[in-house]
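**Student:** Here's the letter readout for the chains.
4 protein chains.
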Amino acid sequence: MDINFFEKKAKRGPQVILPKDVGLIATYSGLSSGKNVLDAGTGSGWLAIFLANLAYPGKVHTYEKRKEFYELAKKNIESSKLKNIKIHNDNIRKAKIKSRYDIITLDLQQPYDLIKKLDKNLKEGGVFAIYSPNIEQIKECVEVFKELGYETKTFENIVREWQVGFSSRPVHSGILHTGFLCFGYKKGAEKTKKK
Amino acid sequence: MDINFFEKKAKRGPQVILPKDVGLIATYSGLSSGKNVLDAGTGSGWLAIFLANLAYPGKVHTYEKRKEFYELAKKNIESSKLKNIKIHNDNIRKAKIKSRYDIITLDLQQPYDLIKKLDKNLKEGGVFAIYSPNIEQIKECVEVFKELGYETKTFENIVREWQVGFSSRPVHSGILHTGFLCFGYKKGAEKTKKK
Amino acid sequence: MDINFFEKKAKRGPQVILPKDVGLIATYSGLSSGKNVLDAGTGSGWLAIFLANLAYPGKVHTYEKRKEFYELAKKNIESSKLKNIKIHNDNIRKAKIKSRYDIITLDLQQPYDLIKKLDKNLKEGGVFAIYSPNIEQIKECVEVFKELGYETKTFENIVREWQVGFSSRPVHSGILHTGFLCFGYKKGAEKTKKK
Amino acid sequence: MDINFFEKKAKRGPQVILPKDVGLIATYSGLSSGKNVLDAGTGSGWLAIFLANLAYPGKVHTYEKRKEFYELAKKNIESSKLKNIKIHNDNIRKAKIKSRYDIITLDLQQPYDLIKKLDKNLKEGGVFAIYSPNIEQIKECVEVFKELGYETKTFENIVREWQVGFSSRPVHSGILHTGFLCFGYKKGAEKTKKK
Numbered sequence: 587m588d589i590n591f592f593e594k595k596a597k598r599g600p601q602v603i604l605p606k607d608v609g610l611i612a613t614y615s616g617l618s619s620g621k622n623v624l625d626a627g628t629g630s631g632w633l634a635i636f637l638a639n640l641a642y643p644g645k646v647h648t649y650e651k652r653k654e655f656y657e658l659a660k661k662n663i664e665s666s667k668l669k670n671i672k673i674h675n676d677n678i679r680k681a682k683i684k685s686r687y688d689i690i691t692l693d694l695q696q697p698y699d700l701i702k703k704l705d706k707n708l709k710e711g712g713v714f715a716i717y718s719p720n721i722e723q724i725k726e727c728v729e730v731f732k733e734l735g736y737e738t739k740t741f742e743n744i745v746r747e748w749q750v751g752f753s754s755r756p757v758h759s760g761i762l763h764t765g766f767l768c769f770g771y772k773k774g775a776e777k778t779k780k781k
Numbered sequence: 587m588d589i590n591f592f593e594k595k596a597k598r599g600p601q602v603i604l605p606k607d608v609g610l611i612a613t614y615s616g617l618s619s620g621k622n623v624l625d626a627g628t629g630s631g632w633l634a635i636f637l638a639n640l641a642y643p644g645k646v647h648t649y650e651k652r653k654e655f656y657e658l659a660k661k662n663i664e665s666s667k668l669k670n671i672k673i674h675n676d677n678i679r680k681a682k683i684k685s686r687y688d689i690i691t692l693d694l695q696q697p698y699d700l701i702k703k704l705d706k707n708l709k710e711g712g713v714f715a716i717y718s719p720n721i722e723q724i725k726e727c728v729e730v731f732k733e734l735g736y737e738t739k740t741f742e743n744i745v746r747e748w749q750v751g752f753s754s755r756p757v758h759s760g761i762l763h764t765g766f767l768c769f770g771y772k773k774g775a776e777k778t779k780k781k
Numbered sequence: 587m588d589i590n591f592f593e594k595k596a597k598r599g600p601q602v603i604l605p606k607d608v609g610l611i612a613t614y615s616g617l618s619s620g621k622n623v624l625d626a627g628t629g630s631g632w633l634a635i636f637l638a639n640l641a642y643p644g645k646v647h648t649y650e651k652r653k654e655f656y657e658l659a660k661k662n663i664e665s666s667k668l669k670n671i672k673i674h675n676d677n678i679r680k681a682k683i684k685s686r687y688d689i690i691t692l693d694l695q696q697p698y699d700l701i702k703k704l705d706k707n708l709k710e711g712g713v714f715a716i717y718s719p720n721i722e723q724i725k726e727c728v729e730v731f732k733e734l735g736y737e738t739k740t741f742e743n744i745v746r747e748w749q750v751g752f753s754s755r756p757v758h759s760g761i762l763h764t765g766f767l768c769f770g771y772k773k774g775a776e777k778t779k780k781k
Numbered sequence: 587m588d589i590n591f592f593e594k595k596a597k598r599g600p601q602v603i604l605p606k607d608v609g610l611i612a613t614y615s616g617l618s619s620g621k622n623v624l625d626a627g628t629g630s631g632w633l634a635i636f637l638a639n640l641a642y643p644g645k646v647h648t649y650e651k652r653k654e655f656y657e658l659a660k661k662n663i664e665s666s667k668l669k670n671i672k673i674h675n676d677n678i679r680k681a682k683i684k685s686r687y688d689i690i691t692l693d694l695q696q697p698y699d700l701i702k703k704l705d706k707n708l709k710e711g712g713v714f715a716i717y718s719p720n721i722e723q724i725k726e727c728v729e730v731f732k733e734l735g736y737e738t739k740t741f742e743n744i745v746r747e748w749q750v751g752f753s754s755r756p757v758h759s760g761i762l763h764t765g766f767l768c769f770g771y772k773k774g775a776e777k778t779k780k781k
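Chains as they are written, first to last, in the working numbering: chain A, 587 to 781; chain B, 587 to 781; chain C, 587 to 781; chain D, 587 to 781.
No lab work stands behind these hints, which were simulated from the structure alone. Check before you lean on any hint, since a few could be wrong.
Since copy identity is lost for identical chains, a pair holds within one copy or between any two.
Using 25 Å as the maximum straight-line C-alpha spacing, the simulated DMTMM-like pairs for lysine to aspartate or glutamate come out as follows [to be verified]:
(1) Lys-645 to Glu-726
(2) Lys-667 to Glu-747
(3) Lys-684 to Glu-722
(4) Lys-739 to Glu-722
(5) Lys-660 to Glu-726
(6) Lys-667 to Glu-710
(7) Lys-732 to Glu-722
(8) Lys-645 to Glu-722
(9) Lys-732 to Glu-747
(10) Lys-661 to Glu-747
(11) Lys-669 to Glu-726
(12) Lys-653 to Glu-747
(13) Lys-732 to Glu-654
(14) Lys-703 to Glu-664
(15) Lys-739 to Glu-664
(16) Lys-680 to Glu-747
(17) Lys-773 to Glu-747
(18) Lys-773 to Glu-733
(19) Lys-772 to Glu-747
(20) Lys-706 to Glu-664
(21) Lys-653 to Glu-726
(22) Lys-667 to Asp-699
Given the structure is predicted, the values throughout are model-derived calculations rather than measurements.
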């Protein structure tokens, strides 16, 4: 995938997740080549594409219920030329999901409701990564995680771009907050086959 | 690789790069499965291991001149069970490097000196990722990048862990600064074979 | 007051409020020479001393229920040589307060309970400044303020010290979070006599 | 002074200094009622007004060489109704300044040139507060301060406003950086007469 893919080729629709957050998701979820990921909602597909790019030959299954976002994400996935993403135009809350995954990423409203439903789809030693703009949803997730016996970690990150040269300083204005990232770690031995 | 690898198995020696910085390096360097990476200095080997984990089946070549760090990193690489890292106990400033890479990561003193030397080892469309604690080294890198016709982007990130529950707030104290990240983008079409 | 008062003379007891937070309280509460302030709980007395220092010849009345903190704060106030602070060894929740103030600062548990009680003690156009480590207490305060018809503003600040010289950068580690600051602005004309 | 003075009455001209920075200047310069301040350049006059408001009955002398900024600041100072500010339409680099001050604040280009000139105008135990958007000017100031035997402290602060309620979180975008604050502390006993 071209490093300029997101800037030049991907179409933007619903608010997209930023590299700074994708980077933390990748490192704190233990993402690595060969892992399988379940992702919802797809939105513009950026997170699914980023993850698939790094998980290859692992697979990413991503769910988007809204027809117009599904169509947009589908085009972005096609442009990415990645073959290891499968997008479903389906409501993940109603979908019958049978496979088990190494990582489940949730970027949608009321993620806490879904954690219980998808617990059976997360392998022992697997990780939920929840992305939410507000702290209230994170609190509800942490409660559910504790109930299920998961360990949790919550982060936020502030990334500033710098202008460097004659007058070096952080750029004056920009994004102060995108979302909180909450990771739920399921107990049990890591079952993913090592490379 | 086990998601707890770094906490449980890796041995710490020289100061290690943090997940927050590795995450930004991964996303802003266009790292993806199949890419080849040149890395120096190895230090404890954490960055090399993180990158190899995501770049597989791409390869990571990493250089460390100090014998004791080389020995430590070698053990960490062995524990990671990753087969796509090759570590060299050699001074990258003197080494004869012939291959061309998609990404070159530098986490050592005076990185600017090395950019000119390694320019020939970076493919068209490739990316340098420089990690430096102070702004002076970043300024020197940006100057060299401009001279060579690269585009650059410089970032720093502040990641705060939150305690979430009855009393939700960022943790009181911790790391305020690790390093600046400076990316140099080489002009030219991306030549990496697409998956 | 000596600029080194806090570093050299004041005794530290309970956790003290930092200059970065005092600075925001001063600017967002409209503190100025001649204003009268009600403050609780006193703690080590630092906030009261800072405020009195700037409000002079205005007065600061500060309440502390715990005997040992009261004794400590009393000593700090004496060392400051400021004559415009009156400290009360009393529980502000039970105290009969009749005066009306320009500014009321609360740095104690369950501040929201006190806002309703002290509303009658805040002049038209006056300001409550609430300092709380967690977001839950701030939420409760904002609800009470809305009920009472106040406008509110909530802030947090991250201050980093820099080392500047040969290698310039923010210091590696330190304080990531102290508290949130919530200001409640009471409607009505400012009645403080202008200088 | 009305707490809404800056929002409702003051006219904005050149870029104004923000409350977050004024707050740090107030606390780290040891500003208190009765201290005398020298300030340059005036700009819109906001910093001078803030300082005068807190230093009263101390005086603030402020210098602005550009006629149009001087006229604007003069109007702002008149609206503030503060009687303890004197504004000079003069270039501070050329002005003959004889008085000695407790605090000197500089918010202009090449502040380092002025530190040496104004050293004689700062009392023993006094403080320079330098506000500069870029790190290069701060480095030059720190060098001059060291040469003169001053101690220094440099800070930057990131203030985020929060929306608090049903969905609590920092506001999405805004100001990431205004300036660095560098304080130079002159040796010697504090000579300001205590209140």
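**Student:** With reference to the structure, classify each hint as holding or not holding.
**Tutor:** Here is what the structure says about each hint:
no.: 1; hint: Lys-645 to Glu-726; in the structure: neither (29 Å within a copy, 41 Å between copies)
no.: 2; hint: Lys-667 to Glu-747; in the structure: neither (30 Å within a copy, 36 Å between copies)
no.: 3; hint: Lys-684 to Glu-722; in the structure: neither (30 Å within a copy, 38 Å between copies)
no.: 4; hint: Lys-739 to Glu-722; in the structure: both (15 Å within a copy, 19 Å between copies)
no.: 5; hint: Lys-660 to Glu-726; in the structure: neither (31 Å within a copy, 43 Å between copies)
no.: 6; hint: Lys-667 to Glu-710; in the structure: between (31 Å within a copy, 20 Å between copies)
no.: 7; hint: Lys-732 to Glu-722; in the structure: both (16 Å within a copy, 19 Å between copies)
no.: 8; hint: Lys-645 to Glu-722; in the structure: neither (31 Å within a copy, 40 Å between copies)
no.: 9; hint: Lys-732 to Glu-747; in the structure: between (36 Å within a copy, 17 Å between copies)
no.: 10; hint: Lys-661 to Glu-747; in the structure: neither (30 Å within a copy, 36 Å between copies)
no.: 11; hint: Lys-669 to Glu-726; in the structure: neither (35 Å within a copy, 41 Å between copies)
no.: 12; hint: Lys-653 to Glu-747; in the structure: neither (35 Å within a copy, 36 Å between copies)
no.: 13; hint: Lys-732 to Glu-654; in the structure: neither (36 Å within a copy, 39 Å between copies)
no.: 14; hint: Lys-703 to Glu-664; in the structure: neither (30 Å within a copy, 38 Å between copies)
no.: 15; hint: Lys-739 to Glu-664; in the structure: neither (34 Å within a copy, 28 Å between copies)
no.: 16; hint: Lys-680 to Glu-747; in the structure: neither (41 Å within a copy, 33 Å between copies)
no.: 17; hint: Lys-773 to Glu-747; in the structure: between (37 Å within a copy, 21 Å between copies)
no.: 18; hint: Lys-773 to Glu-733; in the structure: within (13 Å within a copy, 45 Å between copies)
no.: 19; hint: Lys-772 to Glu-747; in the structure: between (35 Å within a copy, 19 Å between copies)
no.: 20; hint: Lys-706 to Glu-664; in the structure: neither (30 Å within a copy, 33 Å between copies)
no.: 21; hint: Lys-653 to Glu-726; in the structure: neither (28 Å within a copy, 39 Å between copies)
no.: 22; hint: Lys-667 to Asp-699; in the structure: neither (33 Å within a copy, 37 Å between copies)
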